[in-house]
Structures are given as C-alpha cells and as structure tokens.
Amino acid sequence: MMNKFLNIILLFIFITVSVEAQISRTEAMGGLTFSIIDEDQKLDPFMFGGNPAYLWQSRKNVRLDITQFNNADYGDYRRKFSSERNFNTGANVLGIQPLGQSGTFQGKAYYFYNKRSNVFRTLKHDTYAGEAFYFTDTTIGDIIYNGPLFEFSHSVPVTNKLNFGALFGYGLLDGLKKVYTYGQTVYRNVYGKVGITYALSDNLVLGVDYEIFDIRERITASDVNLFTVITYHYRGDTHRIELSGSKQKYTIEKHGSRFGGQIYFTPNERTQIGIKGNYSTSDTKSIFPINGLETTDGYSWFRNYSFEVRGRYLLSEKFVLSAVGNYVNRYSWSENAKNNLLLWEWSTSNISGGIGISSQEILKGLTFGFEYRLGNVSVDSSKYIDNRFTNLSSLNHDFRFGIEYEFIKNFYIRAGYEWIYLKNDFVFGGRNVAYNKITAGFGIKLNEYISLNLYGNFGGRKNSVGKRREFWDARVAFVYMKF
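Numbers given in the working numbering equal positions in the sequence shown, counted from 1, plus 14.
Hints were generated in silico from the structure; no laboratory data involved. Any given hint might turn out to be false.
To be verified - Here are the simulated DSSO-like cross-link-like pairs (lysine-lysine), alpha carbons at most 30 angstroms apart as the crow flies:
id: 1; residue 1: K437; residue 2: K476
id: 2; residue 1: K94; residue 2: K397
id: 3; residue 1: K299; residue 2: K451
id: 4; residue 1: K94; residue 2: K261
id: 5; residue 1: K299; residue 2: K378
id: 6; residue 1: K451; residue 2: K129
id: 7; residue 1: K74; residue 2: K378
id: 8; residue 1: K74; residue 2: K496
id: 9; residue 1: K129; residue 2: K261
Please build the complete structure, drawing on both the sequences and the hints.
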C-alpha cells in the first residue's frame with residue numbers, strides 16, 4: 015500500500031506544475047481563518063502550531079489533494095523595486111497516508127512559475143526581506159522564476175501519550191532577467207523540523223518543536239557577447255558601489271533556526287483552545303568578489319517572537335463562538351561587515367484581537383461565518399546611512415464574511431467578502447489604505463470519497479492619493495479522502 019501511495023505522489027509531481035496551498039472551501043468564503051469548524055482549521059499542535067509530531071493524531075484519513083492555481087497582481091501602488099505586474103501559475107499535490115502504529119506520512123510537491131513584468135533594476139528574488147542591501151543593474155525588464163519544492167513529514171507514536179515527528183523540505187528556483195545582464199538566479203531552500211507532543215491528560219496536549227533552514231541565492235550577471243556589464247551593490251537606499259566585469263557573481267546566504275511550543279486544551283465537549291508561541295533568529299550575508307576574493311560586505315541579523323491563542327465555544331448545536339489574540343515582535347539590524355558600521359536598525363510590533371461567529375444549518379443547507387479583527391502595528395526604523403528615521407503606528411481593521419449553501423444534494427455554492435483598512439500601510443508605504451476582496455466558488459461531491467472545489471477572488475487596495483493595486487486568483491482543487 016505504501017509503495018502504491020508513493021507511486022501516485024511521484025506521478026503527480028511530474029505531471030503538475032504552487033508555492034503554497036490554500037484551503038479552497040474557506041478561501042471561497044471570504045478567506046475566513048478561525049470562525050469556521052473545518053478539517054483544515056483545527057486548533058491542534060499540527061494544524062495550528064505546525065508541529066509534525068501531532069500529524070499522527072490530527073490526520074486520520076487517507077487523503078490526496080491536487081490544486082491548480084493561477085493568480086496575478088498589477089497596478090501603480092507598489093514599491094520602487096516591485097514589479098509592475100506579477101503572474102503566478104502552477105499546482106501542488108498533498109498526500110496523507112495513515113500507517114497504523116507505524117504513524118502517518120504526509121508528502122507535498124509543488125511546482126511554481128512566476129513572471130515579474132517590468133522590474134526596476136533589482137536582481138534579488140526577495141528584494142524587500144528586511145536587509146539594507148540590494149543588488150541591481152541599470153535596466154527595467156521581466157524576470158521569470160520557476161522550480162519545484164518537495165516536503166515530507168512523518169509522525170509516530172512512541173507511547174500512548176508521547177508522539178515524535180520530523181519534517182524535511184527542499185526547494186529550487188531558477189530565475190532569469192531577460193534583458194542586458196541576463197541575470198541568472200539559482201535559489202535553493204533547505205529546511206527541516208523535529209517535534210514532540212505529550213498528552214498530560216485526555217484534554218491537554220503539550221508540544222515543542224525545533225526548525226532550521228538554509229537558503230542560498232546565487233546570481234550571475236553577464237553580457238551575451240562577454241562585454242563589461244555594470245551592476246550596483248546598494249548599502250541602504252541611496253549609497254552604492256559599482257561592480258563591473260564581463261561575468262559577475264553575487265551570493266546571498268540565509269541561515270536560521272526557530273523554537274516553537276504548543277498547547278491544545280479541550281476542557282469539555284463544547285470548548286477548544288489552541289495556543290502557540292515561536293522564537294527565531296537568523297542572519298543574511300551579501301557576498302561578492304572584491305579584488306578577486308569572495309567577501310561578505312553586507313550582514314543582517316533578525317530576531318522574531320510571537321504568541322497566539324485561538325478558542326472556539328459551541329453555543330448550541332448550530333452556533334459556534336470564536337476568538338483570537340496574537341502578538342508579534344520583529345527586530346533586525348544591518349551592518350557593513352567590512353568596516354563594522356551599523357547601517358539600519360528596525361523593529362515592528364503587532365498586537366491584535368478578534369471575534370467570530372459561525373452557524374451550520376440555521377437554515378437548511380446554509381452555513382455562514384463572520385470575523386472581525388482589530389490590530390495595532392508599530393514601526394521604529396532608523397536608517398542611519400540614509401539619515402531617515404521613522405516612528406509610526408497604525409490601527410487596522412479586518413472584516414470577513416462568508417456563506418456556503420447546499421443548493422442541491424452534494425453541490426455547494428460559496429461566496430464571501432473581505433474588507434481591510436490600514437491607517438498606515440508599512441508594506442507599500444501608503445496612508446489610509448482600503449483593501450477589498452470578493453470571493454466565490456463551489457464544491458461538488460462526486461461520490462463518497464471524491465470532491466471537486468473551484469475558487470476565485472478579485473479585489474484590490476487603494477491609498478489616499480488614488481494609487482491602486484489589483485489582484486485576482488483562480489483555483490481548482492481535486493480532493494480524495496477515505497474515511
């Protein structure tokens with residue numbers, strides 16, 4: 015049975031072309047995140063906390079998901095080095111195989127194609143990752159990235175109360191900027207995680223996990239006729255050094271680790287509570303030849319910690335009340351490693367809370383959910399090299415509503431709406447930003463085990479001076495689940 019399952023997974027790896035899976039049912043219902051009771055939104059250490067040890071307890075059914083996606087965003091509300099238009103297409107495959115007392119295996123395979131149109135100068139894949147350094151040429155052009163990602167998880171019961179799990183992932187992207195320097199990118203991502211969970215009682219489970227990752231991005235810039243090409247290494251937004259040569263190499267290395275903890279508490283049949291916390295550190299190095307020697311010129315260090323709690327309470331057979339609260343703090347500094355000079359120091363904190371309510375069968379065949387979150391984001395940024403200092407906060411509102419209606423037996427229609435207001439948009443730099451998204455989809459149960467889900471959305475964001483960024487998304491998901 016195991017060999018048959020692995021053959022199916024490998025077959026779909028080769029015939030499909032996402033970088034991330036989405037939950038097609040709740041995504042079609044306005045992107046509801048915590049108010050709906052759903053197989054893919056449990057509050058346990060695996061689904062909520064990401065601890066692979068609890069996979070054995072969380073995923074009890076044989077399952078195969080295949081999702082094909084297409085999405086794009088475009089418009090003039092963007093950052094300096096962002097693309098004018100961004101188009102993604104691809105697919106992902108998820109397979110789950112319970113193995114009895116041998117645990118549970120989960121495999122994922124993604125293939126991703128990303129076209130970035132009219133990119134201004136930058137050659138980095140993650141230009142705005144929080145470092146003070148950029149690698150650019152002198153042109154505007156299209157960049158295409160494509161490649162696979164594989165991820166495997168296995169969870170086993172050690173005793174009746176103790177579970178152990180491990181996860182391994184490997185991803186590879188090839189990139190090409192199709193103008194002037196013809197910058198070629200090889201982006202490699204390797205990560206792994208181990209975890210344990212322990213049931214103190216039938217109602218209380220504790221979990222801890224540890225994760226490491228290693229990312230390497232290698233960029234080669236050259237002229238097709240081997241003439242000298244000009245590129246720049248930016249330190250901050252305005253200061254740069256010129257790099258020239260017929261063939262240039264620029265490397266970005268990222269290393270990091272994360273500790274996580276989870277609590278899953280079900281004090282009675284009506285109540286579920288999930289808690290998770292994470293602490294991580296990482297660093298980034300920008301490396302290129304100086305006088306023929308590979309030299310680390312830019313160095314950035316990051317520290318993040320977060321805490322989140324979610325709860326659900328069954329008010330009656332038809333109504334569920336939910337609540338969420340979280341806190342995230344991020345801190346980073348960047349320096350010119352050669353001279354040990356601090357260039358940029360920044361920190362952000364985000365605290366938010368929300369409530370939600372959902373109902374099943376308030377009317378025959380009808381399910382709905384409503385969520386509201388209120389959050390405050392604070393940013394303190396000191397770009398010493400550019401003499402730019404920022405200290406701002408933003409009160410943000412997030413409203414989501416979704417419905418599902420069984421129109422005829424085994425045929426479900428879904429729709430929803432999401433509205434977000436940001437006093438200050440710290441991602442794109444706008445003020446008084448309104449974000450709107452309309453979602454729709456439907457699901458069909460073809461038989462006892464197989465279902466088909468279609469999902470789409472359309473929306474955009476607009477700032478106070480009228481700049482817009484619009485987006486759309488369309489997906490089809492095939493799901494096989496044997497109970």
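Hints and how they fare:
no. : hint        : verdict
1   : K437 - K476 : holds (12 angstroms)
2   : K94 - K397  : holds (17 angstroms)
3   : K299 - K451 : violated (38 angstroms)
4   : K94 - K261  : holds (26 angstroms)
5   : K299 - K378 : violated (58 angstroms)
6   : K451 - K129 : holds (23 angstroms)
7   : K74 - K378  : holds (29 angstroms)
8   : K74 - K496  : holds (9 angstroms)
9   : K129 - K261 : holds (24 angstroms)
The structure fails to meet hints 3 and 5 from the earlier list, while all remaining hints are met.
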